[in-house]
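With the hints as extra help, turn the sequences into a complete structure.
As given, the protein sequences belong to chains V and P, one line each in that order.
Reading the first sequence from the start, the letters are residues 1 to 402 in our numbering.
Reading the second sequence from the start, the letters are residues 1001 to 1106 in our numbering.
Treat the hints as calculated values from the structure; they're not laboratory data.
Mixed in with the good hints, there may be bad ones.
To be verified - Derived DEER-like restraints, expressed as beta-carbon distance ranges: (1) H257/V with P1029/P: 26 to 34 angstroms; (2) G1046/P with K171/V: 47 to 55 angstroms; (3) T1085/P with L336/V: 56 to 64 angstroms; (4) M1028/P with G327/V: 41 to 49 angstroms.
No residue lacks a Cβ here, since even glycine has one placed at the ideal position from N, Cα and C.
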Amino acid sequence: MERRDFFKKAITVAGTAAVGGITLEAGETVHPIDNRKVSNIAFPQKRPLITYSDRPPLLESPRDVFTSALTPNDLFFVRWHMPIIPTYINPGKFTISINGLLDREIKVSLKELKTQFEQVELTAVLQCGGNNRTAFKPTASGIQWGVGAMGCAKWKGVRLRDVLKKAGLKKEAAWIGFNGEDKAVYNETANFVRELKLEHLNDNIILAYEMNGEDLPYLNGYPLRLIIPGTYSDSWIKMISNITVTKERQKLHFMDHAYRIPDNECECETPENLVQKTKPIEEMNVNSIIGYPVTGTKVRSAAELIVRGVAFDSGHGIKKVQISIDGGNMWEEALLDDGSEGKYAYRAFTYAFKPKNSGKLTIMCKASNEKGEAQPFAKDIKWNHGGYKYNGIDEVTVEVVL
Amino acid sequence: MTSMKKLLLILLLMGTTLFAESNTGITMPYIDFPMKEGKGMYSTKGKCNMCHSWGYTINQGLQSKKFWREKVTKMIVVFKAPIRTQKDIDTVVDYLFENYGNGEME
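Below, the structure written as structure tokens:
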């Protein structure tokens, strides 16, 4: 029981119970750690968030952020790979270089991006592939996120396709590599470079300079970042300053080893028997989370309780969100918002009811999408060594008082 | 009306300076992640806090000896952490397991 005394204070009742019951060999999943406390130190342009590291900054949004379709910029989670991040960028001087297999290599300034290309705006969920990683036992490699390594914002910018068009792609072009301004401390550590297959390029992929109507916060990639709606955020490069077009994919740790899952039907493996053939994580699976109430909230019996949360998938569209207050036997449909933010955005949901008996009450939510996929129970999710793509049915446990 | 206009102008100017200020960059806070006292702490400090915070390391929670050994190996092989001798590796792994271990070898 003492395994995690580092986080002991913050672990909820459910979390503690789960940690106690581990069989280490099997590889299994439980509910991710919940209710870690926010720090008392705020990072620039942010409200205090759950803080794992300052160098590089790793900040998680607390659960109660997830009650509305858009996540406020100052509550949006932060994840950097490389610790050296410019703390000042002059927007008047900033340019992005487009080079490689092109008719002409170009540098485009922020001003040119804002004036010489069609401006587009779309709302999309940004979620780390390892969100909820604490659900995986034994511990999967990577940041031990709880439920809050995600957010949803309205992004404004220009189409990547339009910018590449201006430079003119050569016939042999097959891969697009992206690199941002963050750097490793040690000169032998490889930089965080990601690549996109040209055939996956589409009109929704944008270079964004605005987030929810404001400049991007520095910690979310000011002044420019890549947005790839529907996919996990491993390739949504922040402070993006270089794009290189090549014929062959470069050899890269972050492409060849990180952000990959077993290439089999269940996308699963066991710790003793890791699957050799892997594939990139890419498309997000269907997910939902309760933002209010949170575990430990005291609510009155017979008083109306409005459960609030958000649901999303990779863009097939959310069909329904269901709520259970009896441990997952009976499910009732929650009300979904009008979906006007588009298919890559959160759908906010509400479910109103009056708790009857006093004592502990567990509320669960489950989303299904238009493709017919639904969230599995936490325990039915299969383990993978990177701890990626967890989408177990969420739950919070409140205390009903008379 | 003119005083109104003046006020508007002042507000406008204030707005511009505020905006300009928001673009003078950020100052990152320093956050202390204290290391548990123990044999090998100073050696580990020098080796593991070079590229990232101690917070990044202990975010893994309490782990087995095998886990910590693999993590240190990953740092050397993948990110080129300059930890060159077996003795140095053992010191770090022992410190991690002694102070951030779960009691299990594997």
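Tested hints:
Distance hint check for H257/V and P1029/P: the Cβ-Cβ separation is about 32 angstroms, which falls inside the suggested range of 26 to 34 angstroms. Between G1046/P and K171/V the beta carbons are some 52 angstroms apart, a value that agrees with the proposed interval 47 to 55 angstroms. Taking 56 to 64 angstroms as the suggested C-beta distance range, the pair T1085/P and L336/V conforms, at roughly 60 angstroms. In this structure, M1028/P and G327/V meet the distance hint of 41 to 49 angstroms, their C-beta atoms being roughly 45 angstroms apart.
Going through the hint list in order, the structure satisfies each hint without exception.
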